[in-house]
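Peer 1: Combine the two chains into a complex, taking the hints into account.
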Amino acid sequence: MNRKELDKIIDNLDTVFRGDAWHGPSVMEFINSMPLNVVDERKEYSKYSICQIIYHLGAWRRFVLEKIGGNIRYDLVSEEENYGTEEAITKQNWPNLVEQLRANQEELISTLESLDDDLLVKLVPGQDYTYYKLLTGLIQHDTYHLGMIWVLWE
Amino acid sequence: MEELQTREIDRIKTLLNAAFHGGSWHGPSVLENVKDIKPKTAGNRQKGIHTIAELVYHMTTWRIFVLKKIQGEAEFDIRTEKQNWGNLKEIDEFEWETLQMELTLSHDELMSSLEDKDDNFLLEIVPGSEYDFYTLLHGIINHDLYHNGQIGILKKMAPKSSKFDDDDEMKSSRYFNDGFDDEY
Numbered sequence: 002m003n004r005k006e007l008d009k010i011i012d013n014l015d016t017v018f019r020g021d022a023w024h025g026p027s028v029m030e031f032i033n034s035m036p037l038n039v040v041d042e043r044k045e046y047s048k049y050s051i052c053q054i055i056y057h058l059g060a061w062r063r064f065v066l067e068k069i070g071g072n073i074r075y076d077l078v079s080e081e082e083n084y085g086t087e088e089a090i091t092k093q094n095w096p097n098l099v100e101q102l103r104a105n106q107e108e109l110i111s112t113l114e115s116l117d118d119d120l121l122v123k124l125v126p127g128q129d130y131t132y133y134k135l136l137t138g139l140i141q142h143d144t145y146h147l148g149m150i151w152v153l154w155e
Numbered sequence: 014m015e016e017l018q019t020r021e022i023d024r025i026k027t028l029l030n031a032a033f034h035g036g037s038w039h040g041p042s043v044l045e046n047v048k049d050i051k052p053k054t055a056g057n058r059q060k061g062i063h064t065i066a067e068l069v070y071h072m073t074t075w076r077i078f079v080l081k082k083i084q085g086e087a088e089f090d091i092r093t094e095k096q097n098w099g100n101l102k103e104i105d106e107f108e109w110e111t112l113q114m115e116l117t118l119s120h121d122e123l124m125s126s127l128e129d130k131d132d133n134f135l136l137e138i139v140p141g142s143e144y145d146f147y148t149l150l151h152g153i154i155n156h157d158l159y160h161n162g163q164i165g166i167l168k169k170m171a172p173k174s175s176k177f178d179d180d181d182e183m184k185s186s187r188y189f190n191d192g193f194d195d196e197y
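Note that the protein sequences, when read in sequence, are chains A and B. Taking my numbering, the leading residue of the first sequence gets 2, the next gets one more, and so forth. Taking my numbering, the leading residue of the second sequence gets 14, the next gets one more, and so forth.
Be aware that a few hints might be false.
Unchecked claim - Here are the simulated DSS-like pairs of lysine-lysine, each with C-alpha atoms no more than 25 Å apart in a straight line:
1) B:82 with A:9
2) B:48 with A:44
3) B:169 with B:60
4) B:60 with B:48
5) A:68 with A:5
6) B:102 with B:169
7) A:48 with B:169
8) B:26 with B:48
9) B:26 with A:9
10) B:60 with A:48
11) B:173 with B:48
12) B:102 with A:48
13) B:102 with A:44
14) B:173 with B:53
Unchecked claim - Only some residues are given here: those of chain A computed to face chain B with a beta carbon under 10 Å:
15) 6
16) 16
17) 17
18) 140
19) 141
20) 144
21) 145
22) 152
23) 155
Worth flagging that the hints you see were computed from the coordinates, not collected in a lab. Only a predicted model underlies this, so the values are computations on that prediction, with no experimental measurement involved. The C-beta atom is built at its ideal place from N, Cα and C for all residues, glycine as well.
Extracted from the complex, chain B is given alone in its bound form (with noise of 0.2 Å):
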């Protein structure tokens, strides 16, 4: 039985946690959802549609956005397509790799910016904007559940590229592959 955390910041920070690693009471986190696609499904583009590796440099750039918000960079924002999505070009192996490492190191130092705040701090303005950081930081979670939904279906229509890749599949997705019943 889980006991509710006394301050409202750990239990933010606990949410955001499960978010991303995994026990969100909706279902799959980012990393349950991200971790077995490989190279060519992540690069694979379907019409109109981001890549889920376009999604997941997404994802890392808003963590930064939130991250350099709480550094008190009143300035910084993300106005371009390519700040926003990328210039990602061909997805191999290393390309794919790498979007998932600095997403991950995104979180790791998010986290960690986030050590010694206290209850106060989640009512205090986001520099440059009119929101306070509850706000922001309940945003990034559902930020990243929305897209999550998006890569847990992009996963599924990208096209199986050969044989192999598809046995490989079958093993590494059992947790999910019978769609997206999720446990709630």
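So here's chain A without its partners, still in its complex pose (with noise of 0.2 Å):
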């Protein structure tokens, strides 16, 4: 079973989210020193809370997840879907967002930890492009949102 390349996805998805990556911060390092009064701060220049964009970091892994699986026809289309129910992006919620991310997380890392290389080029059923790009993309969109938090948090 070859998995060299995966086995860099991995590592990549799981220093992104847990610490040690190269360009800086990583989500649980924001998690961790987050005081719980910003968490569910509404900001005039931008659309979500920071609760929200933990919702949706979840909600993108339980995608990859359900894609894995094989559902052609899962997608995150609502902004419910995508940002959470109004119930589930408030401050007492908080705990409860946080063990959902981490869940999703680590049935993602040892789902992949099962497969192989040949995921890689193989297409996300229901969509047009790769687990390649949609592994490496998702690394990415935690990147990009992590930079969002930041500023949101100041």
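Peer 2: Structural data, given as structure tokens:
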């Protein structure tokens, strides 16, 4: 089983999530040091709060898992699917949001660890791109939203 | 439908170009985000945060870092605040144009320095460090997008300086004017 490249992608996914990434701060480093009073703050210049972005990062991990499971129709279309319901994105629900994201990350990593490099050239069911693009994209999606979180937090 | 390129170095080059120019999975590229920003917005200082102009300078600086490392310069490093973020004063039309031009130029140079590289290059240790070029190249993509996310919000934070700017901005930023709901 050849997992040369997938292993490196898993490693990147893990580093950007847990820490010690080349570019700077990771998802968990941000989450662990963020004061609770900023997480549901609404700013007039941003459509989304930090809670919503955390939901969003978890939701797209779910998307990848569903796709690997062969779910052709699965998609995140509505605002709620993408950024959570009103109840989900409150400060009170923050621990659950973080837990959901962590659980999805863990499930994603262990699912990927059971696969090999053949996955990368396959097309994502119902999409016109490969898993290589999806997985590298998911990592970049994390860093892009981390940049946003940083400004919302300041 | 996109066929996946055979060589890993080519795939990474595609990702690098997509993050900079467009076509990334995650949403807006650096240039897509930066292209409609006015000098006043680029120089606008929010408390405790670097300006967009400084972030663009910083992205160029780290591209040059990668370039120098590819050229084998083990000693090269970015040490001072000034090297890292520039020593920018007033951001006028000319200064802003220059910053953007330098960013694009550094990207072009980086891409051409990778032209004759193959997959073995990715395993080579970056001169003066303990990590390989695979890590560095993915790192610079993530670095771009991290700061690009910051720029995406900072440009919404800047106060509109005049009625004219306002109208102009509405016209030129239509693609993103509904907030940050990037495609994914």
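Peer 1: Hold the hint about residue 17 of chain A up to the distance rule: shortest CB distance to chain B must be less than 10 Å.
Peer 2: 6 Å, holds
Peer 1: Against chain B, run the beta carbon of residue 155 of chain A and see if the smallest gap drops under 10 Å.
Peer 2: Holds, because the Cβ-Cβ distance from residue 155 of chain A to chain B comes to roughly 5 Å (cut-off 10 Å).
Peer 1: Does residue 44 of chain A lie within 25 Å of residue 48 of chain B when you go C-alpha to C-alpha?
Peer 2: 24 Å, holds
Peer 1: Tell me if the straight-line CA distance from residue 169 of chain B to residue 60 of chain B falls inside 25 Å.
Peer 2: 15 Å, holds
Peer 1: Please verify that hint: residue 152 of chain A, Cβ, nearest Cβ of chain B, below 10 Å or not.
Peer 2: Cβ of residue 152 of chain A sits 4 Å from chain B, so the hint holds.
Peer 1: What's the verdict on residue 102 of chain B and residue 169 of chain B, does the C-alpha distance respect the 25 Å limit or exceed it?
Peer 2: Status holds; Cα separation ~21 Å.
Peer 1: Can the restraint linking residue 60 of chain B and residue 48 of chain B be considered satisfied, given a maximum Cα separation of 25 Å?
Peer 2: 24 Å, holds
Peer 1: Hint validation: residue 140 of chain A versus chain B, beta carbon distance must be below 10 Å. Holds or violated?
Peer 2: This interface hint holds because 7 Å falls under the 10 Å limit.
Peer 1: Checking one constraint from the list: CA of residue 60 of chain B to CA of residue 48 of chain A, max 25 Å. Satisfied?
Peer 2: 20 Å, holds
Peer 1: Against the 25 Å threshold, does the CA-CA distance of residue 26 of chain B and residue 9 of chain A hold or violate the hint?
Peer 2: Satisfied, since the Cα-Cα distance of roughly 16 Å is no more than 25 Å.
Peer 1: Check the hint pairing residue 102 of chain B with residue 44 of chain A against an upper bound of 25 Å on the C-alpha distance.
Peer 2: 28 Å, violated
Peer 1: Using 10 Å as the Cβ threshold, decide whether residue 145 of chain A counts as touching chain B.
Peer 2: 4 Å, holds
Checked against the numbered hints above, the structure breaks hints 12 and 13 and satisfies the rest.
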